[in-house]
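Chains as they are written, first to last, in our numbering: chain A, 1 to 301; chain B, 1001 to 1244.
It is worth saying that the hints were derived from the structure and are not from the lab.
It is possible that part of the hints are untrue.
[Said to hold, decoys possible] Which chain B residues face chain A? A few, computed with CB under 7 Å, are given here:
{"id": "1", "residue": "Leu-1025"}
{"id": "2", "residue": "Gly-1084"}
{"id": "3", "residue": "Arg-1087"}
{"id": "4", "residue": "Arg-1088"}
{"id": "5", "residue": "Thr-1091"}
{"id": "6", "residue": "Val-1094"}
Glycine included, every Cβ here is placed at the ideal spot set by N, Cα and C.
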Amino acid sequence: MNVIEVENLHKRYKDQVAVDDVSFEVRAGEIFGILGPNGSGKTTTVECVSGLRIPDRGVIRVAGIDPVRERDALRRVLGVQLQSATLPEKMKVGEALDLYASFYPEPADWRELLERVGLGAKRDSMVGKISGGQRQRLSVALALVGKPRITVLDELTTGLDPQARRDTWELVEQVRDSGVTVVLVTHFMEEAQRLCDRMALIDTGRIVATDTPAGLIERVGGGKRMRFRPSAPVDDAVLLALPEVTGVTRDGGQVVVTGTGDLAVAVTLALTGLKIVPGDLHVEETTLDDAFVALTGRKSA
Amino acid sequence: MKKILLVETRLLLRDWAAILFALLLPVLLVVGLGQIPDLRKSDPNFGGERFVDAQLPAQMILLALLTVSFTMLPNVMATYREQGVLRRMSTTPVHPSRLLGAQLLISLCYAAFGAAAVIFTAWLVLGSAIPAQFFGFVLVFLLGSAAMLALGLVIASIAPNAKTAPTIGTAVMFPLMFLAGMWVPREVMPDALRTASDYSVVGPFINAMRDTWAGDWPELSHLAVMTAGLALFSALAVKLFRWE
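One chain only, chain A, in its complex shape:
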C-alpha cells in the first residue's frame, strides 16, 4: 500500500528549476530515502510533500490527503523534522515536547517518547545546552509527538560525529519498526545504504532511479572483487570453474578475482579444499557511492 504518491512534481524558484518532473511512491512501513547531492531538489520535494511549499504542477497525495488543500488534515498524519528549524535556546527539552504535544488533538505520551529517544535524563536541560546528536533526537521526538503515520526526516545526521550518527540511525530504525513510515532525506550514501528499504536517487531536480539499495548497485553491474596473496600457487582454471567467478587476473604476487553473489565465500572454500590460504584478503563491493557516480555521471557529495 502506498502512503505517499507524487506524480510529475514541478517547482521553480524565479529563474531556477528546483524540481523537474519528479514522481515516486512511498509504501507503508518502509524507510524511503530521497538521496542526492546538496542543491539537487531533495528538500524542495519534501517541503512540497509536507505542504510547506505549493508545487507549480503535479499531484501529491499523503495518506490520500492533498497537502495544499487539506493542510490541517495533513498535519495530523505527517510529522516533519526540518533541516533549518530550531527551538528557542532557553526552552527546556521537556517543555518543548510538552508544548508540541499540546498542538495535537491526540498526542503521544511525551515523557515516554523522551525516554524512547534516549533523552530522559535531559528533560530539564535547555535546548541550547545539549549536543548536536541530542538535538537531532529531540527533533525526531518532536516529529513523532503527534503520533503521525508518516514522518519526514530531513538531513538528520548532517554535522554529527560518527557515534552520534550511528545512534541516530538506530533511532530511525526503531521508528520504522514501531510502524511509522519514514521518508529520509540525505546526501550520505552510507546512511542511505544502511537505512533505506527503497530510495529515489535525485540529481539536478530529476529522479535518476528508484530502487532498493541492492537494486541500484545491481543496475550498475553490482560486481564484486577480491584480491589475495595465495600461500601456494593456484591455477586460474580452478577459480574460473566456480559459478560465482567471472574473471581472474594477476597483479604482482596478488590474485584478483571478479564475480558476483557470494564470491568471497565460494573462492575461500575452494582454496581451503586445496589447502591454500588466501593471505592479505580484501573484498571490495560496489557501493551506492559507485552506483551514484555511474548513474549520474558525477561525483557524489
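Use these hints to put chain B onto chain A, whose structure you have.
Relative to chain A, chain B alone:
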C-alpha cells in the same frame, strides 16, 4: 494557547535581567527628572499642574510601552523567524495566530507592569497622583498599547532578520516619541506639528491618559484615533506576517 503562554512567559522570565533593564529607564527617568525643581512648579502650560503630576508619568508609561512594542516584540518575533522556530511550528496543526496572540498578551502584561512601576514610583517619590478616572485610564492604556504592539508586529514582519528588527523599531520609535511631546511639549508645538501629533496615536494616547489623570473620561476623538490605529496596524500585521 495556555501552554504557549506558559512556556513563552517562562522563556521571557529566564531573561529577567534584560526585561528589568528595559523597564529601568522609564522608572529612573521619573526619579531623575522629578528632581528638577522647575518641573515640580505649577506650570501654566499644563493648566497650572506640575509637570511631574501627570505629564511625566504619562510620558514614561509611553516610553515603557514603546520600548516593549518596538524593541522587545519585534526582536522576539524576528529571532523566532530567523531561527526557524516559526517554521518548526508551522509543521504542526497549531494555528499560527495562537503564538501571535500569546506574544501580544505577554507584551501587554509586560507593558502594564512597566506602567504600574512608573505610576507607583511617581507616587512614592514625587507624590504624583494616581489616575483619578482609573477605569478610563485602563481603557486608554489597553487601547493605545494594543495599537502600538500591532505596529510592533508590522515591524517584526517587514524586518528581514533579527538584527534589523530593533534598528527599524528604533527608527520608528524616536519620531513617535517626538510627536508625543516627549522633548517639545505638545502645548508649544507649531500648529502643523500638533496636527500631526493629533493623528499619530501616541499624541491622543498621552492626552487621553492625562485626561484620566485629571479625573475626566477620555475624549471620543482620542479613542477614535487609537481605535483606527489599532485596526490599521493589526490588519497590516496580519497581511504582512510570514512564517519564514
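Hint by hint, where does the structure go against what was stated? Just the numbers, ascending. 1
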